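Q: Chains as they are written, first to last, in the numbering used here: chain A, 53 to 385; chain B, 1072 to 1320; chain C, 31 to 368.
Read the hints as simulated data drawn from the structure, not as lab findings.
Keep in mind that this is a model prediction, so the values were computed, not measured.
All C-beta atoms in this analysis are idealised placements derived from N, C-alpha and C, irrespective of residue type, glycine included.
Take the hints with a grain of salt, since some may be wrong.
Unchecked claim - Within a straight-line C-alpha distance of at most 30 Å, the following computed DSSO-like cross-link-like pairs (lysine-lysine) qualify: (1) C:K248 - B:K1193; (2) C:K199 - A:K320; (3) C:K253 - C:K223; (4) A:K211 - A:K379; (5) A:K378 - A:K358; (6) B:K1186 - C:K223; (7) C:K333 - A:K217; (8) B:K1193 - C:K333; (9) A:K351 - A:K115; (10) A:K379 - A:K115; (11) A:K144 - A:K321; (12) C:K333 - B:K1141; (13) B:K1141 - C:K248; (14) B:K1186 - C:K156; (15) C:K333 - A:K298; (16) B:K1193 - C:K253; (17) C:K223 - C:K333; (18) A:K303 - A:K378; (19) A:K321 - C:K199; (20) A:K358 - A:K320; (21) C:K333 - A:K253; (22) A:K115 - A:K356; (23) A:K253 - A:K298; (24) A:K303 - C:K199; (25) B:K1186 - C:K199.
Claimed, not checked - Covered stretches of chain B (in silico footprint by chain C; criterion: 3 or more residues with CB under 8 Å from a CB of chain C, positions within the stretch not fixed): (26) 1145-1151; (27) 1170-1184; (28) 1262-1273.
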Amino acid sequence: MATLRHKAVKVLAVAVAASFAVAGISTPAQAANKYTIAFVMGAESDPFFQAMKLGAEQEAAAKGVTLVWQGDPSVYSPATQNPILDQVLALKPNGLVLIPTDPTALQAGHDKAIAAGIPVVNVDTHVNDTTKAVSFITGDNADGGAKAADTLAKAIGYKKGKTYKVVVGLTSATATTNVGRLNGFAAQIKKSYPGITIVDKAYSQSQPSVANTNVSNWLTKYPDLAGIFAIDGTNAAGAAAALQAKGLVGKIKLIGYDAYPANVDLIKKGVFTALIAQDPAAEARLAIDYLVATLDKDKAGIAKIKHDVVIPNVVLTAKSSAADLKKYTYVAK
Amino acid sequence: MTQPLYEVRDVSKSYGSVIALSGVSLKIHAGEVIGLVGDNGAGKSTLVKVLSGAHQPSEGTVILEGTERKWNSPHDALVAGVETLYQDSGLAPHLSVSANVFLGRERYVKGLLGKLGFLAQKEMDRVAHENLDRVGIAVPQSNRSVSQLSGGQRQAVAIGRAVSWASKVIILDEPTNHLGARQAGEVLSVIKAAKERGLGVIFISHTLPHVLQVTDRIVVLRLGKIVADAPTSTFDAESLLGTITGLID
Amino acid sequence: MSNLVNRAKSIAGNQQALLLLVLIAMIAFFTSRNSIFFSNAVFGNIISDWAPIVLIAIGETFVIISGGIDLSVGSTVAISGVVAAFSMRSLTEHGHGSTQTLIVGFFVSVATGILVGAINAFLITKTNVVPFIATLVTMGAGSGLAIVFTGGGPIGGGPDAAIQLSVPKVGPFSYPGLAIVALVIVLGFFLHKARFGRYIYAIGSNEFAARAAGINTKAYLAKIYILSGALAGMAGYYYYLRLGCGAPTSGLGGELQAIAAVVIGGAALSGGEGRISGTVLGALILTTVTSGLIIINVAANWKQVVVAILIAAAVLLQEARAKGSSSKLLSNLFKKKN
Chain A
53 MATLRHKAVK VLAVAVAASF AVAGISTPAQ AANKYTIAFV MGAESDPFFQ
103 AMKLGAEQEA AAKGVTLVWQ GDPSVYSPAT QNPILDQVLA LKPNGLVLIP
153 TDPTALQAGH DKAIAAGIPV VNVDTHVNDT TKAVSFITGD NADGGAKAAD
203 TLAKAIGYKK GKTYKVVVGL TSATATTNVG RLNGFAAQIK KSYPGITIVD
253 KAYSQSQPSV ANTNVSNWLT KYPDLAGIFA IDGTNAAGAA AALQAKGLVG
303 KIKLIGYDAY PANVDLIKKG VFTALIAQDP AAEARLAIDY LVATLDKDKA
353 GIAKIKHDVV IPNVVLTAKS SAADLKKYTY VAK
Chain B
1072 MTQPLYEVRD VSKSYGSVIA LSGVSLKIHA GEVIGLVGDN GAGKSTLVKV
1122 LSGAHQPSEG TVILEGTERK WNSPHDALVA GVETLYQDSG LAPHLSVSAN
1172 VFLGRERYVK GLLGKLGFLA QKEMDRVAHE NLDRVGIAVP QSNRSVSQLS
1222 GGQRQAVAIG RAVSWASKVI ILDEPTNHLG ARQAGEVLSV IKAAKERGLG
1272 VIFISHTLPH VLQVTDRIVV LRLGKIVADA PTSTFDAESL LGTITGLID
Chain C
31 MSNLVNRAKS IAGNQQALLL LVLIAMIAFF TSRNSIFFSN AVFGNIISDW
81 APIVLIAIGE TFVIISGGID LSVGSTVAIS GVVAAFSMRS LTEHGHGSTQ
131 TLIVGFFVSV ATGILVGAIN AFLITKTNVV PFIATLVTMG AGSGLAIVFT
181 GGGPIGGGPD AAIQLSVPKV GPFSYPGLAI VALVIVLGFF LHKARFGRYI
231 YAIGSNEFAA RAAGINTKAY LAKIYILSGA LAGMAGYYYY LRLGCGAPTS
281 GLGGELQAIA AVVIGGAALS GGEGRISGTV LGALILTTVT SGLIIINVAA
331 NWKQVVVAIL IAAAVLLQEA RAKGSSSKLL SNLFKKKN
């Protein structure tokens, strides 16, 4: 009985997933496209992936590629990503761009694609063993964290022999992006700015209002706080609001991450000392270029492929040019 | 012969192909208590639903004080003066005694607040107490919640509510069920008090001694038809049981 | 035996007093661990967390007393805040003044909440879907749409004055916070002193009896789901004021916080029971725990544990209350028979 119901649910899920996937293919309605490239990404709700999607769409159009863009609407998890990957592979795309939500759980699906003759590029995160993948393209989170440390130290006027308190607002204790940025930040402080102490950390569960509560209480608890590192877009939004509400804009230095349009506006108003931005669109463009070159068996193109690509983070400040601010702002609605 | 207070004429009710009532006619006069008895499935509860306005008859008419009426809901019948006490679940246990007595008939404070629906709670507490007292039911405090009352007290409140509001007819569906001898006795005396106030009382029960004790007339239903309608004095326990079961025709 | 009954009864009758004691004990505990807790600034943080939660929890109180449940309030907070953010951004871009923009934003937010509430009301009263399923549907649709509309990120670009409105001005209360307190008091009067509340208790206690008494139960149910939606819309607007932007993740899990506040406040999920004052204190306890744990440096995950204990305690208390009344009933029956 239970297994029967389970089966029925599975069949239904497959049917729904397949119909979505088919819809994804048929919408461009360009039969002339020579390749179909599938992106199986983390969570549709994240502006990071929205920005990546835009880059992928532009490059797919430019190269005459049909794009299949699939991922869970909001849950960043292998439990939801694995079935989606299976469905997408059943459609036999020519190439696959995978943003694995877990290095171990997605390895099997990753290898299955390669065994079926589908070239795979890992983007942003990677599976444990990428030797058979065409490439792994990522933004460098540790480098972003280190840049945040440098920028913050400079903004608070770091002097040797003095002590400073800073806090870090995170989304989760395990997300690889959070861990990478925090490690990069802490390592850089240890190495270059020993007078700075990270006095507190807290998690927002990707809710700006929770981040806001955390920062509001820290501002009360540490009257001598020097700076805040908000590790992603939602933490940045929550921390920015807390500084504005307490009238501490400019007095406490705030380094944010992720160039959401709302946050980029706040650089200009001086709320953010700086925002560290990734370039997800560039990651997507490069992934498509690599796959097209591989599929074309284009020797010159293939020669340019590097197995590990790190696209550096940029530091956006009030001094950044308008063109740069525009270029790196995550396009959202 | 005076005009009957409440009457159904040639009432039939079927649910799909099942005929629950066929050609039933019944009259009740002011100040009269009639007992409605019958085996399970005889059509008692269907007749109660027609009388109380919960169901509309498939055929036949419902007449109150000489005027044909059509009840769209029990509330219609209630407004016209026909109160029904349901077998179970007539009260809201979380509400106070007075809130139950006044449910759907609340009194409001004067002025703007009253227009906004603010309740005159003290007044309702007092009047509920008076009303219950008047019909012979003693409840300690009318602002206590019904869930704090004993089973007998709850039933007394439910009956008291029905009797105190009924202006014409009161239908009591199994009011003595699950009651001890003493509480049942109280219920029967409430029925007598209602009769004295000139109400028409329809008393539905399986407990035949109670029926024989308080009614003026007994109506026996069997298989959706009335098989007997006679003064209570013409029955004894044995003949009544025989009529119900069909051993006596 | 009767001593025990009396004790259970007196505890049950004083749920509010008990909650107040718990709250005072918590404040004392947090203050003893870090004296900065006992400050206007921290109380301001607590109240500004409390304000949106109490809004949705009050809506949930009405719904739960009626015997229903509203799972959609968290999503409604998100979608109404987001829709209001778009409208305010657009008005600001078109050069409208901030006062005008903020007023329009308020009504847009509340209207969005009312729309979700009306969909719930329609599903529950017209198509007879049980509240749990009906509001599960709108919960999913609401949070999904909030993400689709925004692409996931917060929507800013509205009036700069928004955040300033969320700053405490009267003790720990901001002006919108005071307005919320006033609204809660008014709703408390309507629940406990007026026909509206009386009928909601009646419906939750015994829907059949309510209908038999001539109460249009469906109309009342529709009204409370719409009220719950409207209050969630206000909470969405409040979050906008606090953050200066509308985020699709604002209010995430808010339905569980609201239900927790209502249950801690002494309401029964089976309906017919509950008080506004209990919910107000329940929500205040939840937000006090949140801020307190940050101030004393305890990982936020402990909050879940503390909340779980509070809910368990509240439910046990309810059991005690139910037992109290049933044993009372028994003893009364015995008395009568003798």
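Q: Tell me the hint numbers this structure goes against, listed in increasing order.
A: Failing hints, ascending: 4, 8, 11, 12, 17, 20, 25 and 28.
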